[in-house]
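Participant: For reference, the chains in residue letters:
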Amino acid sequence: DVKVTQSSRYLVKRTGEKVFLECVQDMDHENMFWYRQDPGLGLRLIYFSYDVKMKEKGDIPEGYSVSREKKERFSLILESASTNQTSMYLCASSLTGTGEEKLFFGSGTQLSVL
Amino acid sequence: RKEVEQDPGPFNVPEGATVAFNCTYSNSASQSFFWYRQDCRKEPKLLMSVYSSGNEDGRFTAQLNRASQYISLLIRDSKLSDSATYLCVVNNGNQGGKLIFGQGTELSVKP
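Chains A and B supply the protein sequences, listed in that same order.
Letter by letter, the first sequence follows residues 1 to 114 in my numbering.
Letter by letter, the second sequence follows residues 1 to 111 in my numbering.
Just chain A, same shape as in the assembly (with noise of 0.2 Å):
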């Protein structure tokens, strides 16, 4: 089974600190996503990355950046944390070329800016 992995399952950080989510996926998967999820608004992309080094703004990219070194490893980046970004984080990952893009999903990051 593929294994996608969150470093954090709850985090709880200031207003204006540095937050990294860190996401690895086990399966040599090369499609990596962020999402967020807030109630009433459903998921909501943030960054996704195709490929090593590659990186594409999904549809609420402000205030966030992601960096991908390695074709495992996806991280979010919250350069200076708002109250507005208080959200469930949710990472997954999918493999090219399967024809459904099946999302296989992290078990989510709570996090919540004071």
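No lab work stands behind these hints: they were computed from the structure.
From a predicted model like this one, the values you see are computed outputs, not experimental measurements.
Positions of the beta carbon are idealized from the N, C-alpha and C atoms, including for glycine.
Be aware that a few hints might be false.
[As the list claims (entries may be wrong)] Derived pair list, reagent style DSS-like, types lysine-lysine, alpha-carbon separation capped at 27 Å:
1) B:110 - B:42
2) B:2 - A:102
3) B:42 - A:57
4) A:3 - B:98
5) A:70 - B:45
6) A:53 - B:98
7) A:102 - B:110
8) A:18 - A:57
9) B:45 - A:3
10) B:98 - A:70
11) A:55 - A:71
12) A:55 - B:45
13) B:42 - A:13
14) A:55 - B:2
15) B:42 - A:102
16) A:3 - A:102
17) A:102 - A:57
18) B:45 - A:71
19) B:110 - B:79
20) A:18 - A:71
21) A:57 - B:2
22) B:79 - B:45
23) B:42 - B:98
24) B:42 - A:3
25) A:70 - A:53
26) A:53 - A:18
27) A:102 - B:79
28) A:57 - B:98
29) B:98 - B:2
30) B:42 - A:18
31) B:110 - A:57
32) A:18 - A:55
33) B:79 - A:55
[To be verified] One side only, chain A facing chain B, incomplete, derived with CB under 8 Å:
34) 40
35) 42
36) 45
37) 48
38) 54
39) 58
40) 60
Mind docking chain B on chain A? Use the hints.
Facilitator: Same frame as chain A, but now just chain B:
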């Protein structure tokens, strides 16, 4: 208009009931369609893909109507364990393109 819209929830049904969820999408170029299931405080997991001819997996049946840009999920003989949020997911029209999630419809199956 949202790119993917689902029935508002929650749906509260008794065990054994048949329940149907509907979803509409706005991009006529979308090529891939899915239903995901998300349990409370858990990550989404793929329930089933949706094919043009319709497809069935046990008690679950998915239908696609491209002309109306509409997807449905039918659950027969509901079980308590079916209680979850069901997410309609559509790709953005490009092969390997990003997936767009609906807000989800909550289902609660009662004894």
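Participant: Give a verdict on every hint.
Facilitator: Checked hints:
| no. | hint | verdict |
| --- | --- | --- |
| 1 | B:110 - B:42 | holds (20 Å) |
| 2 | B:2 - A:102 | holds (22 Å) |
| 3 | B:42 - A:57 | holds (25 Å) |
| 4 | A:3 - B:98 | holds (20 Å) |
| 5 | A:70 - B:45 | holds (25 Å) |
| 6 | A:53 - B:98 | holds (18 Å) |
| 7 | A:102 - B:110 | violated (31 Å) |
| 8 | A:18 - A:57 | holds (20 Å) |
| 9 | B:45 - A:3 | holds (12 Å) |
| 10 | B:98 - A:70 | holds (21 Å) |
| 11 | A:55 - A:71 | holds (12 Å) |
| 12 | A:55 - B:45 | holds (24 Å) |
| 13 | B:42 - A:13 | holds (22 Å) |
| 14 | A:55 - B:2 | holds (25 Å) |
| 15 | B:42 - A:102 | holds (17 Å) |
| 16 | A:3 - A:102 | holds (13 Å) |
| 17 | A:102 - A:57 | holds (20 Å) |
| 18 | B:45 - A:71 | holds (22 Å) |
| 19 | B:110 - B:79 | holds (8 Å) |
| 20 | A:18 - A:71 | holds (23 Å) |
| 21 | A:57 - B:2 | holds (19 Å) |
| 22 | B:79 - B:45 | holds (18 Å) |
| 23 | B:42 - B:98 | holds (22 Å) |
| 24 | B:42 - A:3 | holds (14 Å) |
| 25 | A:70 - A:53 | holds (8 Å) |
| 26 | A:53 - A:18 | holds (21 Å) |
| 27 | A:102 - B:79 | holds (25 Å) |
| 28 | A:57 - B:98 | holds (11 Å) |
| 29 | B:98 - B:2 | holds (16 Å) |
| 30 | B:42 - A:18 | holds (26 Å) |
| 31 | B:110 - A:57 | violated (42 Å) |
| 32 | A:18 - A:55 | holds (20 Å) |
| 33 | B:79 - A:55 | violated (42 Å) |
| 34 | 40 | holds (7 Å) |
| 35 | 42 | holds (4 Å) |
| 36 | 45 | holds (6 Å) |
| 37 | 48 | holds (6 Å) |
| 38 | 54 | violated (13 Å) |
| 39 | 58 | holds (7 Å) |
| 40 | 60 | violated (12 Å) |
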